[in-house]
Amino acid sequence: MGLNDFLGERIPRRKFLRQTIMGGAVLAGAPIITGFLSAREARAQEESVSGIFSREDLSQILREALSQGGDFAEVYVERIYSTSVAFSESRVDSVKYGVDQGVGVRVLKGDETGYAYTQDITLPAVLKAAQTAGAIASGPAKVKVARLAVRASTSFVPFSLNFLEVKEKEKVAIVERADAAARAFDPRITQVKAGYEDSIDSFVVANSEGVYASDELPMVWITVDTVATDKDKRRPGYVRIAGRSGFEFFKRYSPEGAAVKAAKQAITMLDSSPAPMGEMPVVLGSGGGVLFHEAVGHGLEADAVKRQTSMFAGKVGQVVGSDKVTVVDDATIPNLRGSFNFDGEGTPAQKKVLIENGVLKGYMNDLITAKYFKVPPTGNGRRESYRNYPLVRMTNTYLAAGRSEPQEIIEATKKGIYAKDLGGGEVDTASGDFTFGVREAYLIQDGKLGAPVLGATLIGNGVEIMKRIDLVGNDVSYWPGTCGKGQWAPVTSGAPTLRISRITVGGRE
Amino acid sequence: MSNKNISKWLLEKLVAAGAEEAEVYTEEGSTLQLELREGKLERISQAQTAGVGIRTIVNRKLSFVHTSDFGKEALAQTVAKAVALAEQASPSEFNKLPIEKPRKIVMEIFDPGLRSIPIKRKVELLKEMETAALKFDPSIRRCEGVSYNEVSGTQGVSNSNGLSYSYDSSSCYLGVVAIAEREGRMETGYDEWTSCYFKRLPSPESLGKEAGRRAVSLLGSKPVKTQKVPVVFDSEVGYALLGALGQALRGDNVNKKMSYLGDRIGQKVASGLVTIRDNGRLSLGPESKPVDSEGVSTTDLALIEKGELKNFVYDYSSALRAGKKPTGNAVRGSYRELPQVGFSNYYMEKGNLKPADIIKSTGTGFYVTKLSGWWLGINPTAPDFSSAASGLWIRNGELAQPVSGVTIASTVLDMLLGIDAIADNLVFKGGVSCPTFRVKEMALSGSSE
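Order-wise, the sequence lines are chains A and B.
Going by my numbering, the first residue of the first sequence is number 44, and it counts up by one from there.
Going by my numbering, the first residue of the second sequence is number 99, and it counts up by one from there.
Check the hints yourself; a few may be wrong.
Stated by the list, open to error - The following label-pair restraints were derived from C-beta to C-beta distances:
1. A:S520 x B:N523: 46 to 52 Å
2. A:Q351 x B:N103: 39 to 45 Å
3. B:P300 x A:K417: 40 to 46 Å
4. A:R295 x B:K355: 29 to 35 Å
5. B:E303 x A:T165: 54 to 60 Å
6. B:T229 x A:L204: 54 to 60 Å
7. B:E206 x A:S520: 51 to 57 Å
8. B:R239 x A:T311: 43 to 49 Å
9. A:V362 x B:E206: 41 to 47 Å
I should point out that these hints are in silico values taken from the structure, not numbers from a laboratory.
Think of the CB as a built atom: it goes at the ideal place given N, C-alpha and C, for glycine as much as any other residue.
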């Protein structure tokens with residue numbers, strides 16, 4: 044399972060590889076979707092996603108789904124509009140725009156899940172999908188569909204400027220600004236690629252226990268790739284910014300800021316030498332939450348615990364980290380990439396303390412695992428789209444702030460590495476062995492930052508590394524990513540500046 | 099309307115609406131996914147899907163739209179949107195679509211009986227696979243991801259230059275992860291296989307056993323100390339080197355001066371033992387296709403031949419820009435994506451050594467059977483390679499204790515130049531394939547002691 048750019052163990056490895064080779068494809072993965080309506084028409088239709096089927100229709104679909112003896116049925120109706128702009132060599136390569144819509148029906152019978160989906164959003168087609176999903180059971184109908192009661196909505200994802208009402212020209216301007224800023228930063232920046240993607244995802248989910256919830260979630264995602272060239276040397280830089288926000292996102296975050304960061308990274312790395320080899324102290328710069336996503340997050344997803352494929356199974360109440368480690372998963376932080384109002388099963392978004400001062404407090408649950416462990420669901424039942432059944436997934440996962448000033452942490456380190464910017468990561472939840480990538484790093488010598496070193500992988504084992512976190516800063520920030528577990532989920536991982544007293548660095552010098 | 103008629107209708111409308119050139123890509127088919135746990139079917143997911151993706155060029159500017167709504171009104175709106183959107187892009191003389199005469203090509207890539215094989219039979223395969231893994235050793239307590247996936251359908255591509263192809267294809271996949279446990283520590287091992295034909299899948303028993311063997315072989319693994327050593331890549335993990343290299347072999351990256359191989363055609367970039375090909379026409383290859391996703395004939399292409407860099411892979415537009423012939427390497431994940439430069443059956447040619455002889459001649463070294471995070475740092479611009487690795491230590495030319503908790507690092511170029519042995523065990527079980535090979539030295543980062 045991996046956070047990032049790419050994905051995890053459960054997608055056929057070679058298919059993953061092909062996607063990897065394809066380059067930006069997977070990175071840009073989920074939301075490149077296009078369509079056809081004018082903004083005004085699209086907006087009108089999009090607002091009526093909950094009007095595609097009446098509550099009576101949904102009840103009929105659920106009854107059909109349970110007609111063969113299922114225990115539980117759920118219907119998920121979704122429409123996603125999106126636009127993307129690909130930009131390189133100071134020109135717009137292409138513009139895409141579109142809509143993806145469909146309905147998924149899930150039926151549970153004992154431990155078994157039947158799932159079917161259709162892109163034909165007519166009642167007969169959905170009833171047929173309900174029948175297919177319902178065939179997981181065989182026998183007469185046993186369960187009655189409860190009256191659907193609308194769940195009151197919350198607002199963790201407020202937004203004002205709907206992308207469907209913003210002209211494409213303004214979206215193109217975002218990447219043009221990024222390109223100009225990166226090139227102006229230094230004449231040694233010889234190539235810039237920038238990508239813009241936005242989407243508006245609206246869904247309705249209803250189940251046989253009477254849950255009826257709807258949500259409307261915007262997303263924006265900008266990437267800047269740079270290449271710095273100096274004589275024979277060539278180095279890449281990469282930055283992305285993202286959030287569940289409308290187009291007003293750019294009032295808070297400038298494309299120029301991201302571009303300058305990407306340009307600076309490539310230029311700095313021109314002078315880098317290979318990273319050192321072996322075990323050493325490593326200070327992670329603020330935003331290095333990918334460590335927690337991989338080292339503990341996946342293992343605290345209750346499906347892995349239920350299957351006994353997590354090293355954290357049966358460890359609630361035990362010490363799994365130093366007393367400086369408090370890890371939280373919180374889907375309610377306004378406008379972060381991993382936030383929402385309802386998860387893909389209609390459970391309200393929540394904040395969960397997973398590890399508190401080193402002690403394991405609990406797991407993340409969806410409806411299936413919550414029932415199994417006899418705990419309330421935590422709003423972690425997420426799905427990539429109507430094509431996918433929900434799985435237990437993280438949202439915004441972070442290490443809570445400590446007391447140290449970031450500068451003090453570096454000063455307290457005699458010799459080691461400062462990992463300023465991290466890439467993605469990957470974990471084997473069974474062994475707990477994880478890997479994460481560093482994009483930009485510096486040597487630390489006698490408490491001072493020294494020469495830049497090339498990126499490298501860092502590896503460790505979940506609990507062991509959590510026990511070696513000995514200094515935690517007060518400057519939490521969040522890194523947007525896309526997590527793969529057979530399907531994609533938008534997430535963030537957060538952390539303040541922190542120190543790991545000893546970890547293996549995969550350098551070559 | 100049939101897909102062919104929809105395509106024709108769309109192309110006429112697009113041209114009438116002002117498109118210089120236009121392309122309609124259609125997909126229709128069915129998917130089936132099965133997952134087994136502890137002898138019981140845990141999940142089944144099924145769907146029939148259909149969709150259309152449209153590339154439109156107006157004044158040499160490019161747009162892309164897609165829809166799964168085949169209603170006439172929706173399609174008409176799609177056409178209008180496609181033409182209007184193109185105006186927002188920048189013109190490029192290389193925004194052109196291929197011209198090829200339609201012809202009939204027959205390839206063995208479709209199993210017409212696949213869909214009608216009862217689900218029960220497919221579940222049986224999963225049960226046999228899981229049982230074989232569990233029976234392999236008492237330390238194997240459970241399996242994960244015991245799955246069967248199947249896709250079957252028709253792809254069509256037509257454009258306003260008169261190009262028009264359509265073909266049926268199918269793919270089925272079996273995969274399993276075995277989990278071995280000893281003294282509270284779990285290790286995983288997997289195996290998997292992709293084939294166009296159901297009957298060409300290997301016995302599920304062999305996959306289960308292999309996954310079990312891989313998991314058990316890592317029980318008790320520990321780091322070794324930091325050092326520089328020869329590394330033998332098992333045939334299951336060599337794909338990582340090809341994957342990292344692939345970024346730099348993409349013609350579009352070369353055009354944009356983003357590839358570290360860009361100016362090295364004709365030069366020695368690998369040891370003389372190394373030949374790497376991409377063959378879209380490989381007989382029974384899991385990724386074989388008569389034409390690529392923009393309708394250009396696929397080819398059998400030497401990328402590196404006996405160590406010398408020969409070719410890059412191109413789609414139509416990137417080939418035009420480079421002044422080369424297109425190589426039939428436009429790929430797309432689905433109708434919802436623009437085609438981009440990618441690979442088909444991408445592999446390293448086999449050598450003539452036995453894997454066991456490579457181990458024997460290694461003396462002291464590291465035999466890697468599992469990699470994690472190798473993809474984290476890969477980039478077409480810089481050839482750096484760093485990955486977590488597990489496997490077995492080689493002592494006196496024999497496999498010794500299991501190793502994990504270490505990384506191996508080098509650069510893609512140093513690895514290619516450093517390949518000093520290649521085995522004869524090349525098998526095509528997925529899109530990227532490799533025999534076992536040895537790199538004479540890599541940096542292994544492990545424990546301090």
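Evaluated hints:
As the Cβ distance of A:S520 to B:N523 is approximately 48 Å, the hint placing it in 46 to 52 Å holds. For the pair A:Q351 and B:N103, the beta carbons lie near 54 Å from each other, so the given range of 39 to 45 Å is not met. For B:P300 and A:K417, the Cβ-Cβ distance of about 42 Å falls inside the hinted range of 40 to 46 Å, so the restraint holds. Checked against the given bound of 29 to 35 Å, the beta carbons of A:R295 and B:K355, roughly 34 Å apart, stay inside it.
As the Cβ distance of B:E303 to A:T165 is approximately 44 Å, the hint placing it in 54 to 60 Å is violated. In this structure the hint that B:T229 and A:L204 lie 54 to 60 Å apart at CB holds, the actual value being about 57 Å. The given range of 51 to 57 Å is respected by B:E206 and A:S520, whose C-beta atoms sit roughly 54 Å from each other. The hinted range of 43 to 49 Å is satisfied by B:R239 and A:T311, whose Cβ atoms lie roughly 48 Å apart.
In this structure the supplied range 41 to 47 Å is violated for A:V362 paired with B:E206, their Cβ-Cβ distance being about 59 Å.
Checked against the numbered hints above, the structure violates hints 2, 5 and 9; every other hint is satisfied.
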